[in-house]
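Asker: One gets the numbering used here by counting positions in the sequence shown from 1 and adding 197 to each.
In case anyone wonders, no lab produced these hints; they're calculated from the structure. No residue lacks a Cβ here, since even glycine has one placed at the ideal position from N, Cα and C. Worth double-checking, as some hints may not be accurate.
Computed beta-carbon distance windows for the label pairs [as the list claims (entries may be wrong)]:
{"no.": "1", "residue 1": "Asp231", "residue 2": "Asp275", "range": "11 to 21 Å"}
{"no.": "2", "residue 1": "Pro261", "residue 2": "Pro289", "range": "27 to 37 Å"}
{"no.": "3", "residue 1": "Ala239", "residue 2": "Lys311", "range": "17 to 27 Å"}
Only pairs whose alpha carbons sit at most 20 Å apart, straight line, appear in this in silico SDA-like list of lysine to any residue [to be verified]:
{"no.": "4", "residue 1": "Lys222", "residue 2": "Ser248"}
{"no.": "5", "residue 1": "Lys220", "residue 2": "Phe230"}
{"no.": "6", "residue 1": "Lys263", "residue 2": "Ile252"}
{"no.": "7", "residue 1": "Lys213", "residue 2": "Lys266"}
{"no.": "8", "residue 1": "Lys266", "residue 2": "Leu280"}
{"no.": "9", "residue 1": "Lys213", "residue 2": "Leu236"}
{"no.": "10", "residue 1": "Lys213", "residue 2": "Asp249"}
{"no.": "11", "residue 1": "Lys213", "residue 2": "Ile252"}
{"no.": "12", "residue 1": "Lys222", "residue 2": "Lys266"}
{"no.": "13", "residue 1": "Lys213", "residue 2": "Ala239"}
{"no.": "14", "residue 1": "Lys220", "residue 2": "Pro234"}
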Amino acid sequence: VKEPFFSAEDLFGDGKIQALVDKVKDGYDYVIFDTPPILGVADARTIATMSDAVIVLVRWNSTPVKTLKAALSSLVLDNAPVLGAAFTMVDPKSDALGASYYSAYYSKYYEQKKAG
Numbered sequence: 198v199k200e201p202f203f204s205a206e207d208l209f210g211d212g213k214i215q216a217l218v219d220k221v222k223d224g225y226d227y228v229i230f231d232t233p234p235i236l237g238v239a240d241a242r243t244i245a246t247m248s249d250a251v252i253v254l255v256r257w258n259s260t261p262v263k264t265l266k267a268a269l270s271s272l273v274l275d276n277a278p279v280l281g282a283a284f285t286m287v288d289p290k291s292d293a294l295g296a297s298y299y300s301a302y303y304s305k306y307y308e309q310k311k312a313g
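All chains should be built: construct the whole structure from the sequences, respecting the hints.
Answerer: Listed below in structure tokens is the structure:
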């Protein structure tokens with residue numbers, strides 16, 4: 198395909214998407230939009246500005262800090278309501294989480310409690 202079938206302007210330019218978003222928000226307490234990456238596709242930034250809150254998903258041990266900062270900066274420039282961030286694909290056994298420290302600490306605590 199040499200030319201796209203449609204552009205972002207085709208989707209967002211006439212206000213139909215905003216009307217759809219508003220209608221859906223009226224019918225539900227929470228509406229979650231799963232968008233493409235913020236830096237990859239302009240549509241995601243447009244949808245972010247239509248949202249009541251944005252939670253940026255960050256792939257654990259993969260997303261470069263520079264990329265995250267650029268994504269957050271673009272959302273701030275667009276006046277998107279960034280609520281926070283959440284990690285995905287987290288390895289719960291990772292030493293980076295401090296799991297080994299807490300595991301060792303609480304193991305000793307329970308051993309002392311049994312002996313006590």
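Asker: Now look at each hint and say whether the structure bears it out.
Answerer: Hints versus structure:
1. Between Asp231 and Asp275 the beta carbon distance is about 18 Å. The supplied range of 11 to 21 Å therefore holds.
2. Pro261 and Pro289 have their C-beta atoms about 22 Å apart, which leaves the hinted 27 to 37 Å range violated.
3. Hint check: Ala239 to Lys311, Cβ distance near 60 Å, so the stated range 17 to 27 Å is violated.
4. Note on Lys222 and Ser248: the hinted pairing holds, with a Cα-Cα distance of about 9 Å set against a maximum of 20 Å.
5. Distance hint between Lys220 and Phe230 is fulfilled; the C-alpha atoms sit about 14 Å from each other, no more than 20 Å.
6. Of the pairs offered as hints, the one joining Lys263 and Ile252 holds, with about 18 Å between alpha carbons and a cut-off of 20 Å not exceeded.
7. A threshold of 20 Å between alpha carbons decides the hint, and for Lys213 with Lys266 the separation of about 31 Å lies outside it, so the pair is violated.
8. In summary, the hint linking Lys266 to Leu280 is supported, as the alpha carbons are separated by about 15 Å, within the 20 Å threshold.
9. Simply put, Lys213 and Leu236 have alpha-carbon atoms about 24 Å apart, too far for the 20 Å limit, and the pair is violated.
10. Between the alpha carbons of Lys213 and Asp249 the distance comes to roughly 18 Å, so the proposed pair stays at or under 20 Å and holds.
11. Between Lys213 and Ile252 the CA atoms are separated by roughly 24 Å; this puts the pair beyond 20 Å, and the hint is violated.
12. Annotation: proposed proximity of Lys222 to Lys266 is violated, straight-line Cα distance about 29 Å (limit 20 Å).
13. A threshold of 20 Å between alpha carbons decides the hint, and for Lys213 with Ala239 the separation of about 17 Å falls inside it, so the pair holds.
14. The straight-line distance between the Cα atoms of Lys220 and Pro234 is roughly 25 Å, outside the 20 Å bound, and the hint therefore fails.
The structure fails to meet hints 2, 3, 7, 9, 11, 12, 14 from the earlier list, while all remaining hints are met.
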